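6 protein chains.
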Amino acid sequence: MDHWQIQELIINALKEDMPFGDQTTELLIPEGILGRAFFLAKEDLVVCGQPVVEAVFKLLDQDVKVEWTVPEGEEVKAGTKFGYVTGTVRSLLQGERVSLNFLQHLSGIATKVRRMTKKIEGTKTLLLDTRKTLPGLKVLQKYAVRVGGGTNHRFSLSDGILIKDNHIKALGGLKQVLEKLKRSPTLLKVEIEVKTFEELLIVLQSDAQVDIVMLDNFSYEDIKRALELIRVYKPQIKVEISGGIREDNIEQFAELGVDFISSGAITHSVKAVDISMKIERVWERGD
Amino acid sequence: MDHWQIQELIINALKEDMPFGDQTTELLIPEGILGRAFFLAKEDLVVCGQPVVEAVFKLLDQDVKVEWTVPEGEEVKAGTKFGYVTGTVRSLLQGERVSLNFLQHLSGIATKVRRMTKKIEGTKTLLLDTRKTLPGLKVLQKYAVRVGGGTNHRFSLSDGILIKDNHIKALGGLKQVLEKLKRSPTLLKVEIEVKTFEELLIVLQSDAQVDIVMLDNFSYEDIKRALELIRVYKPQIKVEISGGIREDNIEQFAELGVDFISSGAITHSVKAVDISMKIERVWERGD
Amino acid sequence: MDHWQIQELIINALKEDMPFGDQTTELLIPEGILGRAFFLAKEDLVVCGQPVVEAVFKLLDQDVKVEWTVPEGEEVKAGTKFGYVTGTVRSLLQGERVSLNFLQHLSGIATKVRRMTKKIEGTKTLLLDTRKTLPGLKVLQKYAVRVGGGTNHRFSLSDGILIKDNHIKALGGLKQVLEKLKRSPTLLKVEIEVKTFEELLIVLQSDAQVDIVMLDNFSYEDIKRALELIRVYKPQIKVEISGGIREDNIEQFAELGVDFISSGAITHSVKAVDISMKIERVWERGD
Amino acid sequence: MDHWQIQELIINALKEDMPFGDQTTELLIPEGILGRAFFLAKEDLVVCGQPVVEAVFKLLDQDVKVEWTVPEGEEVKAGTKFGYVTGTVRSLLQGERVSLNFLQHLSGIATKVRRMTKKIEGTKTLLLDTRKTLPGLKVLQKYAVRVGGGTNHRFSLSDGILIKDNHIKALGGLKQVLEKLKRSPTLLKVEIEVKTFEELLIVLQSDAQVDIVMLDNFSYEDIKRALELIRVYKPQIKVEISGGIREDNIEQFAELGVDFISSGAITHSVKAVDISMKIERVWERGD
Amino acid sequence: MDHWQIQELIINALKEDMPFGDQTTELLIPEGILGRAFFLAKEDLVVCGQPVVEAVFKLLDQDVKVEWTVPEGEEVKAGTKFGYVTGTVRSLLQGERVSLNFLQHLSGIATKVRRMTKKIEGTKTLLLDTRKTLPGLKVLQKYAVRVGGGTNHRFSLSDGILIKDNHIKALGGLKQVLEKLKRSPTLLKVEIEVKTFEELLIVLQSDAQVDIVMLDNFSYEDIKRALELIRVYKPQIKVEISGGIREDNIEQFAELGVDFISSGAITHSVKAVDISMKIERVWERGD
Amino acid sequence: MDHWQIQELIINALKEDMPFGDQTTELLIPEGILGRAFFLAKEDLVVCGQPVVEAVFKLLDQDVKVEWTVPEGEEVKAGTKFGYVTGTVRSLLQGERVSLNFLQHLSGIATKVRRMTKKIEGTKTLLLDTRKTLPGLKVLQKYAVRVGGGTNHRFSLSDGILIKDNHIKALGGLKQVLEKLKRSPTLLKVEIEVKTFEELLIVLQSDAQVDIVMLDNFSYEDIKRALELIRVYKPQIKVEISGGIREDNIEQFAELGVDFISSGAITHSVKAVDISMKIERVWERGD
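Protein chains in written order, with the numbering used here: chain L, 11 to 297; chain E, 11 to 297; chain B, 11 to 297; chain G, 11 to 297; chain R, 11 to 297; chain Y, 11 to 297.
Please note that a few of the clues may not be correct.
What the hints assert, rightly or not - Cut-off 30 Å, straight-line C-alpha distance, at most; resulting in silico cross-link-like pairs (DSS-like, lysine-lysine):
1) K205/Y / K248/Y
2) K248/E / K25/B
3) K129/E / K25/B
4) K142/L / K248/E
5) K288/G / K205/B
6) K142/B / K75/B
7) K25/B / K288/G
Because the hints were derived from the structure by calculation, they are not lab data. The structure presented is a predicted model; accordingly, all values stated were derived computationally and were not measured.
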């Protein structure tokens with residue numbers, strides 16, 4: 011995640027939070043007061059979003075200094091002061107909320123993903139995200155997934171072939187899709203989502219090139235059976251499962267030996283983690 | 011929420027989901043196939059985001075037609091088909107995910123807010139949002155709060171004076187803040203956040219002009235006591251409470267007679283509601 | 011007024027003044043010539059726009075140095091050299107006109123506002139601006155009003171309720187407006203514009219919450235009488251007057267004891283003050 | 011002036027006047043009320059800005075209809091209703107101020123320019139504008155000058171060579187400039203500003219190619235004498251005068267036979283003309 | 011290629027060709043004159059860019075009508091009038107050059123690609139483009155390659171793994187790269203560029219997952235020998251060749267049985283085809 | 011060519027080449043590896059685009075250092091290493107292709123123009139470019155023409171009057187055009203394109219003000235004859251020729267004594283020159 015890529019996003023975030031300046035600060039806080047504030051984890055969390063916070067303050071005020079006591083992606087306990095911001099109090103206050111909005115959201119993603127990926131450590135299974143991201147925030151959300159320990163599935167409609175129920179409906183059936191696929195060369199990986207054993211068998215018996223099969227909303231038992239079938243017919247095909255997998259059962263699914271578990275919730279239903287920014291000391295310029 | 015205001019946001023959402031076209035669709039779906047899809051509520055929800063969905067498809071393809079069976083803001087039951095999209099299958103598929111990403115998020119907010127505001131119906135209390143919004147999505151999130159039945163607190167740092175702990179810290183104490191405030195004319199409403207009874211009393215005994223006092227993280231009993239104090243000292247001041255208020259206890263707090271209950275979670279920790287878009291029929295152009 | 015907020019405006023100003031470079035400079039001025047120019051006040055004025063001029067030259071050429079002999083908002087006499095720009099002559103010449111266009115306009119506003127606010131010094135009256143600003147320049151114009159000593163009225167339609175003749179017409183009368191208002195909670199200040207004593211009395215006798223009343227185009231005598239009425243009925247309401255108030259009579263109106271005098275002319279009919287930028291010395295790089 | 015050229019400018023104007031919607035309208039005005047408003051000239055003026063007003067309302071709301079009773083550029087008397095806007099009252103109110111801000115400014119320019127060009131009708135003299143335009147508004151201001159009857163001087167630094175005092179200072183003297191010019195081919199017209207007779211003579215005696223000479227701040231008598239000199243030395247050279255020319259003396263200067271009179275004030279010190287928009291009738295959708 | 015995707019590009023193209031209007035047209039051509047012009051192929055070519063031309067004129071003037079006598083991608087002979095534009099002559103002239111600049115460039119690409127792909131028709135070889143595209147024009151250039159009959163290689167650094175000499179240098183050798191690759195899971199296809207037989211053998215003998223091998227600048231004989239090696243070691247790997255392949259020898263290389271031939275020249279060194287736009291008839295509005 | 015002018019173009023180029031990061035680099039290259047790469051001329055060429063390359067790397071990563079061994083515009087032989095880039099290997103690899111895409115294209119233009127202008131050195135003829143530029147790249151292409159030694163013709167429709175066949179057709183004939191022209195004052199240079207001797211004579215015999223005549227597609231002999239005619243009738247008029255002039259015959263045409271030779275091909279049909287960027291050394295941060 012590079013500065014050039016998020017600069018416009020951050021300017022928009024600042025504009026939307028301050029179209030005509032910070033009225034409270036301008037009313038009350040003299041320009042010459044400097045201060046130092048810390049970021050405080052109010053629950054256990056994985057820190058994510060440091061480059062964004064740095065970019066927010068840099069855009070607001072070149073002279074603000076941001077320092078971190080832990081690296082990006084580190085787990086910290088509730089009560090940890092994990093970063094410091096030093097500069098004019100006006101700039102600290104103007105950047106506080108926008109910084110926290112980014113930081114709480116991205117750390118929320120990374121924290122959740124970390125908990126899930128820890129459960130499947132040691133298995134061959136990777137936790138994938140999806141295209142179910144919040145509009146305008148995709149680059150950042152996918153970044154937070156990686157920081158958390160997850161793996162990015164395709165970024166967009168432009169970088170992977172993924173055939174789903176609506177494609178099958180549009181072409182009149184899975185067989186028609188596979189026929190079409192055989193005649194259509196592509197340099198991208200091809201994945202097909204199946205909802206039943208019948209569909210799975212059609213895919214496995216076809217000679218169309220399919221790299222990944224996604225078992226959509228299969229039960230635990232059905233996934234087990236599906237994996238056996240796949241091993242028999244097309245052992246080289248990768249297997250993704252999706253639907254109904256949560257923090258409390260992911261381990262069990264991973265132990266079945268699937269290649270990928272994907273989750274929309276890690277980006278579309280993010281719970282912000284609790285972080286606050288507290289000014290700890292102020293002084294006048296020149297002191 | 012007007013078209014001119016969200017057009018850039020939607021173009022960015024489309025670009026981020028399709029920087030180089032929809033490879034699956036271009037590989038498989040012939041241009042001449044038309045279809046009709048419906049939006050299906052997979053849980054009980056309040057529909058929110060119709061103008062955004064219309065704008066997404068209009069930008070993608072002027073000829074796509076979007077129709078709704080219920081008005082914006084309506085509650086629908088799981089299983090309801092609440093909207094239809096008709097056009098080329100390519101356009102339907104290209105707009106599907108971006109539409110759903112907006113719709114599931116905004117309906118998620120509206121649904122949550124509706125459940126909370128229903129609980130306080132009949133009381134004088136209003137449910138407010140905060141500035142804890144997702145960067146770039148503020149206009150839409152605040153719109154969804156209104157659709158859900160909530161009331162918008164200030165939109166940004168530019169349209170309300172809200173004095174919080176960091177301001178007090180920066181000026182060396184609440185009394186200093188109130189002194190400064192008395193000498194600083196403003197045409198905006200003034201709100202002060204207090205964390206203790208001591209702070210509350212300082213506010214109540216000051217002759218600085220304060221329109222709203224926010225009791226931050228006060229317990230139920232303390233709010234009760236605070237309201238009595240306020241009635242004695244400054245009955246015209248409005249009272250906002252914040253912290254620890256959830257769907258399951260909001261009613262109880264409202265019945266205390268506070269003016270406003272504010273919640274960051276309704277915008278910073280949104281659970282998407284489950285909606286899918288299903289193609290139900292396809293035909294060839296000219297049929 | 012922050013750099014991130016005006017950067018796009020300045021880039022647009024440069025693009026519109028130099029879509030394909032400065033042909034005169036490229037034809038005549040060698041790259042290696044450095045120079046120093048000063049800004050010269052050709053009439054008495056209040057300097058306003060220093061951060062904009064700095065941003066213009068910084069965008070044009072990082073190595074240009076801008077220095078001021080007086081702070082922003084200072085009054086200078088005709089003949090004063092109040093700032094210096096040092097860098098390549100090419101950069102000086104390319105930034106000259108855009109800088110002056112900003113500086114003459116903003117100083118024009120600040121100068122006019124300063125003259126008016128000086129006349130009402132010592133009274134309780136504040137001079138307000140309006141939404142009658144030049145498109146695209148609102149942030150800067152409102153900034154110049156503050157530098158001049160004025161106070162900003164609402165910035166936009168989003169941060170204040172202001173009810174005017176067209177709202178009254180649309181709802182069928184002032185009484186209907188006030189009835190509607192009573193049922194419509196808002197966290198913003200409410201102001202109503204009245205054109206007659208009849209309207210004023212309706213407002214004063216209503217129990218709708220109104221924070222400010224604006225007497226639109228009332229004569230001196232009528233304002234006097236209106237203030238008495240207001241003192242009787244609603245002493246806590248603030249009073250704004252508008253229309254027909256100029257530099258030569260503002261003092262007289264302020265002495266009546268109104269809270270606010272607003273003027274559209276200070277932003278919609280700005281007379282630029284006369285400033286020029288003169289190169290005083292040139293030398294070759296390395297000298 | 012084309013729609014594609016001003017669309018971004020208008021979206022910015024709307025965003026700056028309504029970053030989070032029109033709070034007054036949303037509080038008070040029901041969505042279903044339609045209305046018709048007129049634009050009223052409150053002084054004699056030349057109407058300018060019709061395409062901008064149309065674009066403002068079109069962007070706000072495709073269904074608003076704008077009609078004019080006089081064509082762009084027409085002079086109307088105080089009291090004339092020269093245009094009508096029909097649509098939802100919400101849209102009328104949201105577009106009112108932005109429309110008027112454009113209309114009053116552009117008509118202000120056109121009105122002033124019309125009065126000045128009328129005075130020099132019948133002479134060969136053209137009234138020119140300058141690069142002293144308000145940042146971001148150059149395309150529109152130069153358009154208003156044309157509508158008023160004036161002629162555009164160069165648009166930017168990219169489309170004309172204009173040598174002024176700072177260029178002369180940078181190169182060490184006018185002779186050096188002319189020498190340099192002789193060796194520097196250009197496809198653009200070349201104009202030189204002179205401040206004294208000495209400078210004028212140097213230009214007239216040089217064999218550098220100069221298309222226009224600008225007499226900067228010459229007195230009436232000096233212009234007369236300069237014209238005679240020019241007729242003797244270089245009759246084909248065009249003559250522009252600048253400085254001290256106002257509506258009340260422009261005729262006299264034009265009669266001297268100069269080719270161009272340029273004025274910065276027509277764009278940098280615009281007095282808005284007085285126009286209001288009044289709702290004259292409202293009705294409910296379906297009536 | 012969709013309208014929303016190219017709108018900004020076209021507005022930029024218009025702004026860069028007309029920052030302050032079309033001076034010739036405004037000087038000479040009355041507003042009320044309508045006309046009809048045709049696009050004339052002045053050499054044999056494949057038409058490409060119709061949607062762009064339509065978008066150019068639509069942005070300039072909603073009332074201009076564009077019609078085509080052949081579909082996009084069709085080959086036409088020199089002398090063919092393949093499209094017509096009808097509207098005001100001013101709009102035709104303003105859109106002429108920008109339209110042609112797009113049309114001649116994109117048709118230039120499509121024409122070249124068509125000639126090359128025709129030569130390899132019937133073989134299994136696909137002609138690929140590269141990332142050697144002109145900045146800002148990638149979406150359009152890649153579209154023209156498809157129209158010409160070519161296949162798009164990866165669009166960007168985000169949608170394919172392609173390991174080249176600089177990666178190998180950075181990691182200290184090809185073996186190190188392959189070791190790293192084995193430990194690095196990806197959902198994208200993996201391609202490796204080799205420059206020698208030694209490198210090829212390392213790839214073929216590695217058990218890292220490689221989907222495509224690119225033989226960079228191999229001679230005809232060496233490609234032949236490489237293909238045999240690949241058939242022996244890893245028959246499932248796809249083979250791309252690059253370097254030194256031109257229209258006059260592509261057939262010969264394709265017959266060797268490679269999967270892909272890639273060419274940078276088809277996008278980085280485009281020869282525009284000769285097309286002009288000629289007004290054939292004019293009339294006055296109302297005729 | 012200034013940084014503010016190309017920043018947006020470069021960000022777009024980076025976004026289009028890396029919408030979601032560089033997957034290969036992130037997969038394989040550790041963050042802490044630094045390196046140094048050189049730009050290698052693989053054919054004789056004129057270096058052009060140094061400021062663009064610097065801006066690309068600066069935007070990507072402030073810490074990358076770019077150094078040149080020759081100045082912009084210098085001719086280098088095949089095999090020359092003419093520039094060095096030092097920084098993290100990740101940044102080098104991410105900026106490689108975008109840099110080269112600019113550098114190869116701009117140097118391609120400059121190289122071609124240099125070869126052509128060298129042939130006409132010593133004559134009075136200037137080589138001009140045209141408006142036949144690639145959309146979005148005009149500022150850069152025109153810059154490369156200047157670097158190569160050519161002269162820019164008008165930049166856009168806004169900065170020169172150029173009357174061509176379509177204008178003549180629209181007004182019903184060349185005589186009508188010249189009549190119109192006489193009544194239409196302009197401050198821009200006027201050029202007319204003629205296709206026949208008949209047209210040329212009409213221009214020469216008219217008393218309309220024409221600064222340049224362009225002989226469109228005249229043969230060598232006809233140009234000779236035309237020049238004689240022009241010398242007789244209007245010796246002060248400048249002469250431009252266009253059409254059929256290539257590197258191998260430009261000298262011969264220049265010797266005829268024309269003022270300008272214009273070429274569309276130098277910008278619309280650019281052959282990229284062959285440059286590569288090679289990493290020559292890598293080390294770990296701290297070494």
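For each hint, the structure was consulted:
1. K205/Y / K248/Y: holds, 16 Å
2. K248/E / K25/B: violated, 50 Å
3. K129/E / K25/B: violated, 55 Å
4. K142/L / K248/E: violated, 41 Å
5. K288/G / K205/B: Roughly 14 Å between the alpha carbons, so the hint for K288/G and K205/B holds.
6. K142/B / K75/B: violated, 35 Å
7. K25/B / K288/G: Since the Cα atoms of K25/B and K288/G sit roughly 37 Å apart, the hinted pair is violated (cutoff 30 Å).
In terms of the numbered hints stated before, the structure departs from hints 2, 3, 4, 6 and 7, listed from lowest to highest.
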